[in-house]
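Produce the complete structure using the sequences and hints provided.
Our numbering numbers the first residue of the sequence shown as 67 and each following residue consecutively.
For the record, the hints were derived by calculation from the structure and aren't laboratory data.
Among the hints, a few may not be true.
Label-pair ranges, simulated between beta-carbon atoms [unchecked claim]:
| # | residue 1 | residue 2 | range |
| --- | --- | --- | --- |
| 1 | A312 | W116 | 48 to 54 Å |
| 2 | E654 | G80 | 20 to 26 Å |
| 3 | P122 | D653 | 21 to 27 Å |
| 4 | R697 | L203 | 38 to 44 Å |
| 5 | D488 | E357 | 16 to 22 Å |
| 6 | G138 | A228 | 28 to 34 Å |
| 7 | R751 | E589 | 48 to 54 Å |
| 8 | E357 | A391 | 28 to 34 Å |
| 9 | L203 | V84 | 46 to 52 Å |
| 10 | S218 | L684 | 21 to 27 Å |
| 11 | P220 | D165 | 22 to 28 Å |
Within a straight-line C-alpha distance of at most 25 Å, the following computed DSS-like cross-link-like pairs (lysine-lysine) qualify [claimed, not checked]:
| # | residue 1 | residue 2 |
| --- | --- | --- |
| 12 | K688 | K750 |
| 13 | K90 | K127 |
| 14 | K688 | K641 |
| 15 | K127 | K113 |
| 16 | K90 | K113 |
Virtual Cβ for every residue (Gly too), placed ideally from N, Cα, C.
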Amino acid sequence: MWFRLLGPLEAVCGEQPVALGGTKQRATLGFLLLQPNRVVATSQLLKALWAGDDAPTSARKILQNAVSGLRGALAPPSGADQGAASLLTRAPGYMLRVDPEQIDLHHFYQQVEAGRGRLAAGSPEAAAQLLREALALWRGPALADLVETGISWPELVGVQNARLDAMEDYFEAELACGRHHAVLSELETLVEAETMRERSCGQLMLALYRCGRQADALTVYGRVRAALVEDLGLEPGRDLQALQHAILTHDPALTLTELPAGDAYVIGSRGERTPPVPERVPARRGPVAPERKPVSAVIVRTQLRPEVSDLEPGHVDGLLEEVAAIIREKFEWFGGTAAASIGSVSLALFGVHGDSGDSGDDAERAVRAALAIRDGLGSPVGPLGMRGLDISAAVTTGEAIVRYQSADQPDLPPLVSGALLDECQSLLAVTAPGEIRVCASTRAATEPVIGYDEGGSPTGGWQVLGARREYARLHAIPMVDRESELEVLRVLLDRARRRATPHLVTVMGEPGIGKSRFLLEFERRFATQDTAQVQFLVCQRQFAGVGSVAAVQSEILSAYCGIAPEDDGVVAVAKLSSAVRRLVDCDETAAWLVSRLRPLVAGPGAIGGTTAPDEIVLAWRKLLAEIALDRPLVLILDDLHRADDALLDVVEELAEFAGPVPLLVVAAARPELIRRRPEWGGGKRHTTTITLDPLSDDAVDRLLELLSSAQDEAKGSTRRFWTALLARAGQEPGDRRRYARSLLHLDPPRSVPA
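Dropping the structure here:
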């Protein structure tokens, strides 16, 4: 018989699970398995089963019944091995006689000790393999099913700490093998959950440094120091201080020049292997040759107002680090690359990765990112819960010299230089607190969608007033030449509703073809005409190549539960609980959903906590199914080609594992998604791909007629807006078509060769 404690309690005989009975019976077995072959007093068992003075008068009888039931469950079948586990009565209590080799926790301890021995002997590759196998035994928190019932034993704290120690040993071995990229995300998750474990914080700093993210490594140190000083009144240990100094001085000892041979894995992945690491790393290639590229640069400056200047230095440092993290997240949300952060100044670049060639799109995303940062952090009470922050930003667009640090590591922030950055710095110098100013090129590229103060100049730039409300009227104009594709979606939506069958639709098209407009039109047309029967949830996140599963889940969950960005963790969890309990009748199921989904809404520090990511995905999928059962659900995601593989897996599996529910998932993507995942949707049930073709000249002409009609019917400032747009289009048919395409980001149709 095999006993599993590293996750929900299980007992397996041969290949068949053993029925272990109710909660008290399972808890009795779990407590005895934590102390195998030792006599456990009856009084100790009673305290383990009933906390404090909650034990009923019949507690001893209940325990005796649990022991009797366990003896029957553990009894070996006739003819089976007589060396099976047995539960014996031994004064002053009971003893579980069992071979430790039958307990997964014992195997875990053995593997960890063996791994530590190999690590101490200078064999990190073998150590990583052993520690990886040990950690793979875990299926969730130890005795997770019992913990959910309210059980809290000191022994479980020791087991959990042993797991954390083993994870740190594993990370040390992987870092010694040069696999800092492979363990970076897991280290970030661990440090978020266990802020004061200095060893793992140091490992994260080292991994970030080796990935070329020195500023982020120092940010981790500052965050740990602030937590230690504020909560315990302690400075970081000498090892962590020495590591910070080494990073500041770029100590060569931090860089690996020779790696052991072996295979690289990522713990917790599906088991794919990365290519073997060569016995000796080839000579590092020099930086890629510089190139001139059209980009948009954003520089954001944060300042503390005088009324908060009397804060303690440690508190100020922690505040500024938190602000820098929020700014970086906003940059990445809008598809930018956080290039540098020095003190209170942060730089981001839009358009340095990829080859869309759409500088207007880059400029628009850059300005919208600056607006989101100013409006979020500069509000009277921002997400940090305090007053006293002034935000100013400058945006410039043009050509810059871009040098990628390594062809082997394309995700490293590029080095950018040139007059464009000087112009951005000069513009920031004349930008008052609370303002955003842009250069002439940025204004020209974004004027249809962003409002500007008319009093600007080429030297002082133009002040951003905000996103144009009038631009939303463009999306109210009926689309042309897309009726067939919209009809396909209507039929699939009707099929999902009538047959209670989930379906995944991928809307494929080249850059600028109008995929986002198509999704907006689909939502506008069907959400408004059938509000009583169909509900839409739209993900607005810009994946930007590093799409986070948890972040996307959090956004969709917040949209359904009505959680606002300014809501703190307590309010967010309350809204989540209220929405779930309105939806789910079973109290037990509702409690399970809330406990698993809580990290998604309780704040960044909760994501990746004690709840395993797989359990969060399972609960999120279960909630979507419940939402769809309540009312047919349409889930819309744009720019799916930017998502990482983990998010693609989650989206693709929705139609396969959501169950018999009326759910339609509509995702737009560029063809590069198929180049990355050739098997995407192929040969699977309930999947459809719609390819959008470029609009013909005739279709664009009809669209211009609709714009003219909108101008005639509009009034006031909206009429002036339409008039200005059409005046810029000119009178020549070719010019008008080109302007309409640029306004709506529509590529022209390709000419057919003769």
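Now for the hints, and whether the structure bears them out:
| no. | hint | in the structure |
| --- | --- | --- |
| 1 | A312 - W116: 48 to 54 Å | holds, 52 Å |
| 2 | E654 - G80: 20 to 26 Å | violated, 31 Å |
| 3 | P122 - D653: 21 to 27 Å | holds, 22 Å |
| 4 | R697 - L203: 38 to 44 Å | holds, 42 Å |
| 5 | D488 - E357: 16 to 22 Å | holds, 19 Å |
| 6 | G138 - A228: 28 to 34 Å | holds, 32 Å |
| 7 | R751 - E589: 48 to 54 Å | violated, 25 Å |
| 8 | E357 - A391: 28 to 34 Å | holds, 31 Å |
| 9 | L203 - V84: 46 to 52 Å | violated, 19 Å |
| 10 | S218 - L684: 21 to 27 Å | holds, 24 Å |
| 11 | P220 - D165: 22 to 28 Å | holds, 25 Å |
| 12 | K688 - K750 | holds, 21 Å |
| 13 | K90 - K127 | holds, 12 Å |
| 14 | K688 - K641 | holds, 18 Å |
| 15 | K127 - K113 | holds, 14 Å |
| 16 | K90 - K113 | holds, 12 Å |
Hint check: violations occur at hints 2, 7, 9; the rest are consistent with the structure.
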